[in-house]
Each structure stands twice: as structure tokens, then as C-alpha cells.
Amino acid sequence: MYRSTVLVCGGTGCTSSGSQKVIEALDKEIAAAGLEKEVKVIKTGCFGLCALGPIMVVYPEGSFYAGMTPEHVHEVVQEHLLKGRIVKHLLYKETVDGETIKSLDQTQFYKKQKRIALRNCGVIDPENIEEYIAYDGYQALGKVLTEMTPEQVVKVIKDSGLRGRGGAGFPTGLKWSFAAANKADQKYVACNADEGDPGAFMDRSVLEGDPHVVLEAMAIAGYAIGANHGFIYVRAEYPIAVKRLQIAIGQAREMGLLGKNILGTGFDFDLELRLGAGAFVCGEETALMTSIMGHRGEPRPRPPFPAVSGIFYKPTVLNNVETYANVPRIILNGAEWFSSMGTEKSKGTKVFALGGKINNTGLVEVPMGTTLREIIEEIGGGIPNGKKFKAAQTGGPSGGCIPASKLDIAIDYDNLISIGSMMGSGGMIVMDEDNCMVDIAKFFLGFTVDESCGKCTPCRIGTKRLYEILDRITKGQGTMEDIPKLKELCMFIKENALCGLGQTAPNPVLSTLRYFEDEYIAHIKDKRCPAGVCKALTCYVIDRDKCKGCTKCARNCPADAISGSVKQPHVIDQSKCIKCGACMENCSFGAISKK
Amino acid sequence: MKSLAELQALRDQMKSKVGIREDENDNIRVVVGMATCGIAAGARPVLAAFTEEVAKRNLKNVTVAQTGCIGICQYEPVVEVFEPGKEKVTYVKMTADKVARIVSDHLVNGSPVTEYTIGAVNK
Numbered sequence: 001m002y003r004s005t006v007l008v009c010g011g012t013g014c015t016s017s018g019s020q021k022v023i024e025a026l027d028k029e030i031a032a033a034g035l036e037k038e039v040k041v042i043k044t045g046c047f048g049l050c051a052l053g054p055i056m057v058v059y060p061e062g063s064f065y066a067g068m069t070p071e072h073v074h075e076v077v078q079e080h081l082l083k084g085r086i087v088k089h090l091l092y093k094e095t096v097d098g099e100t101i102k103s104l105d106q107t108q109f110y111k112k113q114k115r116i117a118l119r120n121c122g123v124i125d126p127e128n129i130e131e132y133i134a135y136d137g138y139q140a141l142g143k144v145l146t147e148m149t150p151e152q153v154v155k156v157i158k159d160s161g162l163r164g165r166g167g168a169g170f171p172t173g174l175k176w177s178f179a180a181a182n183k184a185d186q187k188y189v190a191c192n193a194d195e196g197d198p199g200a201f202m203d204r205s206v207l208e209g210d211p212h213v214v215l216e217a218m219a220i221a222g223y224a225i226g227a228n229h230g231f232i233y234v235r236a237e238y239p240i241a242v243k244r245l246q247i248a249i250g251q252a253r254e255m256g257l258l259g260k261n262i263l264g265t266g267f268d269f270d271l272e273l274r275l276g277a278g279a280f281v282c283g284e285e286t287a288l289m290t291s292i293m294g295h296r297g298e299p300r301p302r303p304p305f306p307a308v309s310g311i312f313y314k315p316t317v318l319n320n321v322e323t324y325a326n327v328p329r330i331i332l333n334g335a336e337w338f339s340s341m342g343t344e345k346s347k348g349t350k351v352f353a354l355g356g357k358i359n360n361t362g363l364v365e366v367p368m369g370t371t372l373r374e375i376i377e378e379i380g381g382g383i384p385n386g387k388k389f390k391a392a393q394t395g396g397p398s399g400g401c402i403p404a405s406k407l408d409i410a411i412d413y414d415n416l417i418s419i420g421s422m423m424g425s426g427g428m429i430v431m432d433e434d435n436c437m438v439d440i441a442k443f444f445l446g447f448t449v450d451e452s453c454g455k456c457t458p459c460r461i462g463t464k465r466l467y468e469i470l471d472r473i474t475k476g477q478g479t480m481e482d483i484p485k486l487k488e489l490c491m492f493i494k495e496n497a498l499c500g501l502g503q504t505a506p507n508p509v510l511s512t513l514r515y516f517e518d519e520y521i522a523h524i525k526d527k528r529c530p531a532g533v534c535k536a537l538t539c540y541v542i543d544r545d546k547c548k549g550c551t552k553c554a555r556n557c558p559a560d561a562i563s564g565s566v567k568q569p570h571v572i573d574q575s576k577c578i579k580c581g582a583c584m585e586n587c588s589f590g591a592i593s594k595k
Numbered sequence: 596m597k598s599l600a601e602l603q604a605l606r607d608q609m610k611s612k613v614g615i616r617e618d619e620n621d622n623i624r625v626v627v628g629m630a631t632c633g634i635a636a637g638a639r640p641v642l643a644a645f646t647e648e649v650a651k652r653n654l655k656n657v658t659v660a661q662t663g664c665i666g667i668c669q670y671e672p673v674v675e676v677f678e679p680g681k682e683k684v685t686y687v688k689m690t691a692d693k694v695a696r697i698v699s700d701h702l703v704n705g706s707p708v709t710e711y712t713i714g715a716v717n718k
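So the protein sequences, as listed, match chains A and B.
Each residue of the first sequence is one higher than the one before, counting from 1 in the numbering used here.
Each residue of the second sequence is one higher than the one before, counting from 596 in the numbering used here.
Treat the hints with care, as some may be off.
Stated by the list, open to error - With a straight-line cut-off of 30 angstroms between C-alpha atoms, the simulated BS3-like cross-links for lysine-lysine are:
1. B:Lys655 with A:Lys88
2. A:Lys111 with B:Lys612
3. B:Lys688 with A:Lys114
4. A:Lys387 with A:Lys406
5. A:Lys143 with A:Lys37
6. A:Lys114 with A:Lys143
7. A:Lys114 with B:Lys610
8. A:Lys548 with A:Lys594
9. A:Lys114 with A:Lys37
10. B:Lys612 with A:Lys143
11. B:Lys651 with A:Lys40
12. A:Lys595 with A:Lys576
13. A:Lys40 with B:Lys655
14. A:Lys158 with A:Lys114
15. B:Lys597 with A:Lys102
16. A:Lys88 with B:Lys681
17. A:Lys243 with B:Lys655
18. B:Lys612 with A:Lys28
19. A:Lys40 with B:Lys688
20. B:Lys597 with A:Lys143
21. A:Lys243 with B:Lys610
22. A:Lys114 with B:Lys612
23. A:Lys37 with B:Lys688
24. A:Lys548 with A:Lys535
25. A:Lys455 with A:Lys485
26. A:Lys525 with A:Lys387
27. B:Lys688 with B:Lys651
28. A:Lys387 with A:Lys464
29. A:Lys112 with B:Lys597
30. B:Lys681 with A:Lys102
31. B:Lys681 with B:Lys693
Stated by the list, open to error - Which stretches of chain A does chain B cover? Using the computed rule of at least three CB atoms under 8 angstroms from a CB of chain B, they are:
32. 76-90
33. 251-259
No lab work stands behind these hints: they were computed from the structure.
Quick reminder that beta carbons are idealized off the backbone N, C-alpha and C, glycines included.
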């Protein structure tokens, strides 16, 4: 029995900021203090506050240490673990309130959150099945196998109102009922863990922090539809997630929670991993299944839908990681519990990956219907450096930009679509006044052009043409005719592309045109980039009155574009200038500005 | 794992091991003084005895924690028991042998062991 437990985040965010070194230092210091038998160190999943990593929590006190380094470890071990004195100056600042220490639930970041999909992340050791079991793990599977019929399982999921968390928001229970209704000698259950949206990492965190929840939910789905085999399609770029999934599958098999005759009920279920090679299109369901079958990852027209003909042409249920993460809780707590959260048509919670110009970069899970303002200003802690909020991009390359005027909209599937964006998988990139909206649209289109599989013409050629027009505008070579042309081409791609990715690819252009058309016009008519991002439209100038002639700018210019003699005002040759901004950064007198 | 009953038994067994990670406010808190003075007077075996005894009896509502110097170094090892809604009880000059009785009489049955408390020693 240990009297104290130290949880150190082993998610990708904290691992890259050095949590492994902290764990090594902890083991060493704890051994040196002779506390090995009293204090247990556990590597756990993501806490969500990635910006403050590496994160470490000491129980039973629940002290939340942020920004740990191996150098800090000695102090925490000697003071806190040995003598019981919490090291206040290393705690997460928000939890320290004068003399008292607040619990984590009371901090801005966690107060409004409701963790269902992420409930075990940062709580259990993901590489230890017994810890998952201690938190009611595999109880839902047990309940389903011993007390419920497959029809009852499907009904509970249907009644809960759970919708697909991968982006499109299709009702999960309905999907399961289609697959269950189809008779076949073999059916499959699959998990889409090919999280490809730039800036999205919620599925990775679930897999890293709580891999067993996905296995359990897939077995439940298997029972519900009559499948005994599952596939998890996970990107190879998620090495920690892959490793933990492998460990989890091994442990579940060893315990008899996967395999033949699970819990003595006669139900068989096993699953295997498939590693994706990193193509964005493989996150699309038909392409993903084609890839599992060993073919080139390309989508195909629907129907037939996967529930009729999926993996190896057999009825298949394919759900996203976060969708599965909700399933065991719904089984244990009931459909009503789940549907009591959220809005009329979107139930439960949603995980968002907050990124971009925001103070608390990280992972948040909030009930559906929370406003964007609550997420950005309260949970996210607002925009750094006192800048002004301009837009939030949701849904990755398939989504759109939400302007400040829509900040108070309650987030759910339908509301987001009505304002020209979409839920997507849950990436949320916050932008401030220094972001150019034309450039953002161009960035996402650049991504789509790279990732288009090339099977259908509207996507292969259409997105390329969109990109070229946007590129022209950002270079100051656009004309006013480009705007209607963009709109027309967008609509054409939306209506004619083969798969969901192509159909949604124009969304970044359409939504920025809808809310920020003035910026497009400024680029075209005034040849000016209001945010000062587009290089071709900005120029650096030296103020003759402020310039002291110190020559520092000229010495730092990589293109030799600055001339002038000592103690005389310098001049930038615009034809040579490459707009790197080195002169402005180096000027000690603030004489250089961007126009 | 052959049956659901077996799974539930494992869950109950594991629950006590991860229990300290739950933030229960109505827990009884047993706090052992573990400053230099406490450690020098032998607080470490006392703390270990408490954790073991609490685990052995599977007391889910008890948290064992350590704290710094309370200021009565001559009475170390000092152990304080905080029960919600009740006055705290301070045990002094503790040894590992005294622990079992405090756990059974006080933590389980709710009657403090008066003879070990600071009041008794002061007389």
C-alpha cells in the first residue's frame, strides 16, 4: 500500500516538453529519500493543460504542479513527499490563492469542463489494465453480455442521442441498427483513429490516456451488431498511442476480456491494429476501409454504405475514437443520463483541441451548447499579449472560420453548420488581429491540394484552381472578378466531389469570404494586407527622422537591400527586399515599420 | 477472467489501491508530522503502520497524509486526526505499536484513544 501517488503526464504534449526526464529524476530522488515503498510514480494520460507541461499531480493532496523540470524534482521530493509541505511556488499558479490552495475543479480551466470521454485521462495508468478496471472498466461490457440483448444495446445508444464525434455527426445508434439489421456470415467493427486535421489531437489523447475504453466499446459494438472481429485504424505518426494500444490489447487478451468466450458468456471478440501511412484521405470512411483491405486508400461512392458493404465487403460499423469513449459510460449510466447533457439535437459533451493564439493551449471537454466565448475567454484564458480576437477556426480543412460576432453562439452540430463551419473532429484554432484571413484560407487549401487523393476531378483540379486564385490574391495580383469566380468554383466542388473531404474542402474559402470579404477586397483593390501577413503586399520602411544611422539593419539584412552611410539615415531598396523583417527586429530605435 | 463476478471482485480490490486519487471531502484525514523533528523521533514507521493498517482494513473513507512541523517538537511523533464536523484529536509520542488501536477504536468505531492524546500526556 502506498500512502502517496505521483501522476506524471505521459501524453505527447508533456513527453515533448520533457516529462520522461521528470519521471527518471523522480525515481532517482524517491529512491535516494528511501520512499520507494511509500510513494508510487505513475505515468498517465493527458490532463489537457498542455501549455503548462510537464504536469505532475501528487495525491492524496491533489497538488497540481506545472512546468516541472528534473531540477524541481529534488525540492518536491524533499519538501512535499518527505515532509508533507506543498511546494507552493511550483504549483499551477491558478490553484494558489494567497494562503489557500484551490482544488483543480475550481480553476478557470477546469471549472466549466465536463469530462466523459476524457474521464480517465490523467487519472489512471494507461499501461495497467487493473487501474482501468478499478474505475469500472469492462463493467459495461460485462453488463451488456450478461443482462442485455443486442437490440437493447442498440436502443440505449439510440436513445442517448450520441452522434459521431469524427465530424459529420451521424447518430451512432442508427448506424449500429443498420449494421445489426443486415444478415451476413461475417461482420466487422472498426475504429477510426486516423486523426488528420491540422491542430486536432483529442483522439490521440484518448488513445494515450485511456486505450482500454476504446477496446471495451468496440467489443460492445461487436455484441450489438453481431460482429466478432474489429480493426483499429491508427496513424503511424502516433507512436505513443500505438504502443499503448498494443499493450492494452495484450493485457485484455491475457485477462480474457478479448478473445474467445468472454466472461464465460460464449461471446467471442478480438481485434487488431492497422497503421495508417499518413494520408489525410484515409480518415474518410470508405477510403479507410479500402486501406484496411490492403488497397490504395481512395474513397468510393456511397451507397453501398459500410453498414451494408464495408471491410471485405461485409457489414461494418465504423466509429471515431471519441464516439467509442462515450459508449461504456452510456451503458453504465443509462441513455437518460447522457441525453440530459447538451442541446436539443446534440447530446453529451465534445472534446476540443484548443490551439493558436490562446493562453491555455490544450484539451478541453465541455457539454454541447457551451458558447465559443466561454471556451475561448474563460477556459482558454483569452488571447495572449492583449491582442484582439478575430476568428476561431473549427473543423480543420473541412470547417470554417467563426468571427467575433458569432462568439455567443451555443456550439452544437447544427449551429456550427448554420454559420458556415462544422464541428469536425474538434480542432479549434484561435486567431487574433495578426492573422490574415485570406492567408488562412490559402493555408487550408494548400493542405487539401497536398492531400487530395486525385480520384475525382472536382477535388483534384478544383482545389488546385482555388489555391491558385487565393495565391494570386495574396500576391496582390487578384482582380475583383476573382471573388465571384471563387464562389462559383466552391459551390461546384461542394456539389460534385466524390467524398466528404472534397465536398467540404471549399469551406475555409466560403466562410472567410462570408465574414471577411473586406479583407479579400483590401488585398485586391488596395493591394494591402490588413494584418500585414502577406509578404508581397507589405513593405518595410525606415523613418528618416528616427534613424540614427547605426548601420545595424544593414549589417543584419540577408539580402543586402539596405544602404546608407554611418550616422546618415538608411534606405531600403524595395526591389531587393525579401520582407524577412530582420531589420525591424534589430532596430534599437524603432525606426523601421511595416506598411 | 472467467465471469463477471470475477471482474467485479478485481475491481473492488483495485479500487482501494487507487482510492487516494479521489477527492473526497468527507474523508477522515490522518496527518502525521513528518518534519525533521518528527522523522528524527520516529514518525516514519508510524506513517507506514497507518497506511498498512488502513489498507488492511480496507477503510475507503480514510486518507493518510503527512505534514510539516506543528511546533510541539518535544511531543513528536505527532499524529492528528481530522474528522469532518468534529474537533481534531492530537496523538503524541506515537509509536508503530500504538497505531492498530487508534485505527480500530478511533477510525473504525469513532472513540478516540484518550490515553495517547496530548491531553493525557500533559497531566
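Given the hint that A:Lys40 pairs with B:Lys688, does the C-alpha gap stay at or below 30 angstroms?
-> It holds: about 28 angstroms lies between the C-alpha atoms, which stays within 30 angstroms.
With a Cβ-Cβ cutoff of 8 angstroms, does the region 251-259 of chain A contain at least three residues near chain B?
-> holds (count 3)
Does B:Lys655 lie within 30 angstroms of A:Lys40 when you go C-alpha to C-alpha?
-> Within the cut-off at roughly 18 angstroms; holds.
Does A:Lys406 lie within 30 angstroms of A:Lys387 when you go C-alpha to C-alpha?
-> holds (18 angstroms)
Are B:Lys597 and A:Lys143 close enough, with their CA atoms no more than 30 angstroms apart?
-> holds (14 angstroms)
Agreement of A:Lys37 and B:Lys688 with the hint, judged by alpha carbon distance not exceeding 30 angstroms = holds (24 angstroms)
Given hint A:Lys37 paired with A:Lys143 - CA-CA distance at most 30 angstroms = violated (36 angstroms)
When you check the alpha-carbon spacing of B:Lys681 and A:Lys102, does it fall within 30 angstroms?
-> holds (23 angstroms)
Could you grab the alpha-carbon distance between A:Lys114 and A:Lys37 and see if it respects the 30 angstroms cut-off?
-> violated (35 angstroms)
Under the criterion that the straight-line Cα-Cα distance not exceed 30 angstroms, is the pair B:Lys681, B:Lys693 satisfied?
-> Given that 30 angstroms is the threshold and the Cα spacing comes to 22 angstroms, the pair holds.
Hey, A:Lys112 versus B:Lys597, does the alpha-carbon distance stay inside 30 angstroms?
-> Violated - the C-alpha atoms of B:Lys597 and A:Lys112 are around 41 angstroms apart, more than 30 angstroms.
With a C-beta cutoff of 8 angstroms, work out whether three or more residues of the region 76-90 of chain A approach chain B closely enough for the coverage to hold.
-> Three-residue rule met by the region 76-90 of chain A, so holds; n is 4.
Consistency with the previously given hints fails for numbers 3, 5, 9, 15, 17, 28, 29, ordered from lowest to highest.
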